[in-house]
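2 protein chains.
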Amino acid sequence: MDPAVAAPSRFLSALKGERQSPPPIWLMRQAGRYLPEYRALRAKAKTFLDFCYRPALAAEATLQPIRRFGFDAAILFSDILVVPDALGQRVSFEEAQGPRLEGIRTEADFSRLREVLDLEALAPVLETIDRARAALPDIPLIGFCGAPWTVASYMVAGRGTPDQAPARLLAYRSPDLFQLLIDRLVDASADYLSRQLGAGADVVQIFDSWAGVLPPAEFARWCVAPIRAIVERVRERRPHAPIIAFPRGAATRLKEFADIEGLWAVGLDTTIEAAAAAQQLPERFALQGNLDPLVLLAGGRRLDEATDRVLQDFAPRAHIFNLGHGVLPETPVEHVERLVRRVRRARG
Amino acid sequence: MDPAVAAPSRFLSALKGERQSPPPIWLMRQAGRYLPEYRALRAKAKTFLDFCYRPALAAEATLQPIRRFGFDAAILFSDILVVPDALGQRVSFEEAQGPRLEGIRTEADFSRLREVLDLEALAPVLETIDRARAALPDIPLIGFCGAPWTVASYMVAGRGTPDQAPARLLAYRSPDLFQLLIDRLVDASADYLSRQLGAGADVVQIFDSWAGVLPPAEFARWCVAPIRAIVERVRERRPHAPIIAFPRGAATRLKEFADIEGLWAVGLDTTIEAAAAAQQLPERFALQGNLDPLVLLAGGRRLDEATDRVLQDFAPRAHIFNLGHGVLPETPVEHVERLVRRVRRARG
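Protein sequences appear in the order of chains A and B. For the first sequence, counting from 1, position 236 maps to 389 in this note's numbering; every step adds exactly one. For the second sequence, counting from 1, position 258 maps to 411 in this note's numbering; every step adds exactly one.
This is chain A alone, in the form it adopts within the complex (with noise of 0.2 Å):
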């Protein structure tokens, strides 16, 4: 890679709204199984959590795609369930089936959580924060967490599910209930945001995975005003700290975060036109998207074309080069490379 075009400003400039040509580029998920070296490493763990947990384990798998790909950015290797799993909640993973959580239905449910994170449990994850950033070259480190509307979804349902309904019918009947849970995750989420600043992240991700089933007032009440609510607080602690929010589905509801101070970036997710986004949003905000992963999959002309596409869309503004989803487990790593090389190639 040319380390030119790697240099840590571009991902922190288009941050700041500044276009950058070409985009800088990360993906979500570019840390995980479609890696033979992670799956390597993920031998090493018995569980998928105890990986998590685990920080020379998890620096590794933060560093491997920086190596392989030479990435804009690298994105600390974690799961947004070690928030439930730090309020008490226990988490495992069982193979092939995802997330396993006691489900929260009800007030006593809720009442045997903790009110703040056990920091003991979560002390790996800073430590894989620091290890990380004390391993990379001058490339910023991303953190994240799950949205609460996300997280509440798992911790409601225990478990996946395709379209979100426990945690939205629970919202219907025990709206009270509900937000209590939201607002706990809210301080835990801006507690546990500033603690990874403070370990060493350079910016910090909210992932809303499942923002899109939700209906408009719902929308505003469960995905916008906690996301919101929690920018404020890890502004209050931390004035300069870019923060990117990831509505997925958000279409045309994205309107909603031009307003939220402290919010820097956007992720789009593949649905979305590019100039849809630009008119929601402000032209200080940096688009981050948004093209297929199945594509990415697929690989070939349709790739490139795809590519293209993406690059030139996004071209009247600052934009970070992404995905609109995770890396897909089953994608050939040669087409990850054609990717980078294809946007690094490009001048807008």
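Read the hints as simulated data drawn from the structure, not as lab findings. Hints may contain errors.
Stated by the list, open to error - What the simulated footprint calls covered on chain B by chain A, stretch by stretch (three residues with Cβ under 8 Å from a Cβ of chain A suffice, anywhere in the stretch; the number is not a length):
#	stretch
1	315 to 326
2	394 to 407
3	423 to 435
4	449 to 462
Said to hold, decoys possible - 16 Å max Cα-Cα, derived EDC-like pairs, lysine to aspartate or glutamate:
#	chain 1	residue 1	chain 2	residue 2
5	A	Lys408	A	Glu426
6	B	Lys408	A	Glu426
7	B	Lys197	B	Asp262
8	A	Lys408	B	Glu426
9	A	Lys197	A	Glu248
10	B	Lys199	B	Glu247
Just so you know, even glycine gets a beta-carbon here, dropped at the ideal spot from N, CA and C.
We have chain A already, so just place chain B on it with the hints.
Showing chain B alone in chain A's frame:
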């Protein structure tokens, strides 16, 4: 029910772009498992497809919700997968598992499809329409089909999938083959809808339940273009037939339907604000939707509030009250009664 309120003109007038106060109401999947009389009827047929293909049973299922709730429109009881079935791709429904088909992945698979619909296979559906039409009071009857993209997603995967990845991948890897499949479905669907109108359907709706997952270029090619082609062809044969499209998840891309001549109304899912839909679709379009099926399941004060919000938000436009997706099987019948009463009481 007040027969003056349920008069046939209300639904058809709204389709013509005329505001009605209160708006007409019908619900997607208003005939279905949430009704005890439906479950009793369903028990008379061995398989779900057998049920769809027995005119006496399917016509009765069509009429049941009209008798109970006095909706402003009836919708044919059938399934979108009768089209692949009539194209020679064997379809079966396994209890609690959904549809199963032999997936189409190669040109050889595709070549086994019939070129035109097996009219003998579809004769029972047309007879169902004839029977329901004859038995209905002055209530419009809606026929329907699945949109090519949504039907193709089942034909390729061989089953329902959470993200339609198999069809999206085939479309990326073999766009020419996928185009052939879509074209075959355009031909078949236009023919099928025209025949439904000939058999007594007053209106037809095209369901594109999985439109929302497609990135912009793919949305234009696989969702909008095929629906446009179907509307044009139906219009050649039935120039005055009202046609509704339901591109679920179209969000910022609803505007792409704005210039389809012969399209009278657009169905909206739960996630879009009325204003964002109204902005994209000219006044001549009726807007149909978009109460959350989960709030109908939840019931109570939340249902009333959400109902009022939909009524209020859509009041500036010709509006057909509906859900944003189908009635859920667990929905209490009393909640549907409560909804219909509240909508009928509304005055704009």
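Hints and how they fare:
1. 315 to 326: It holds: at least three residues are needed, and the stretch 315 to 326 of chain B offers 6 whose Cβ sits within less than 8 Å of chain A.
2. 394 to 407: holds (count 4)
3. 423 to 435: With 5 residues closer than 8 Å to chain A, the stretch 423 to 435 of chain B meets the three-residue bar; holds.
4. 449 to 462: Since 6 is at least three, the answer is holds.
5. A:Lys408 <-> A:Glu426: Holds. Lys408 of chain A to Glu426 of chain A sits at ~14 Å (cutoff 16 Å).
6. B:Lys408 <-> A:Glu426: Holds. Lys408 of chain B to Glu426 of chain A sits at ~12 Å (cutoff 16 Å).
7. B:Lys197 <-> B:Asp262: violated, 34 Å
8. A:Lys408 <-> B:Glu426: holds, 12 Å
9. A:Lys197 <-> A:Glu248: holds, 15 Å
10. B:Lys199 <-> B:Glu247: Answer holds: Lys199 of chain B to Glu247 of chain B is near 11 Å, not above 16 Å.
Hint violations for this structure: number 7 only, all remaining hints satisfied.
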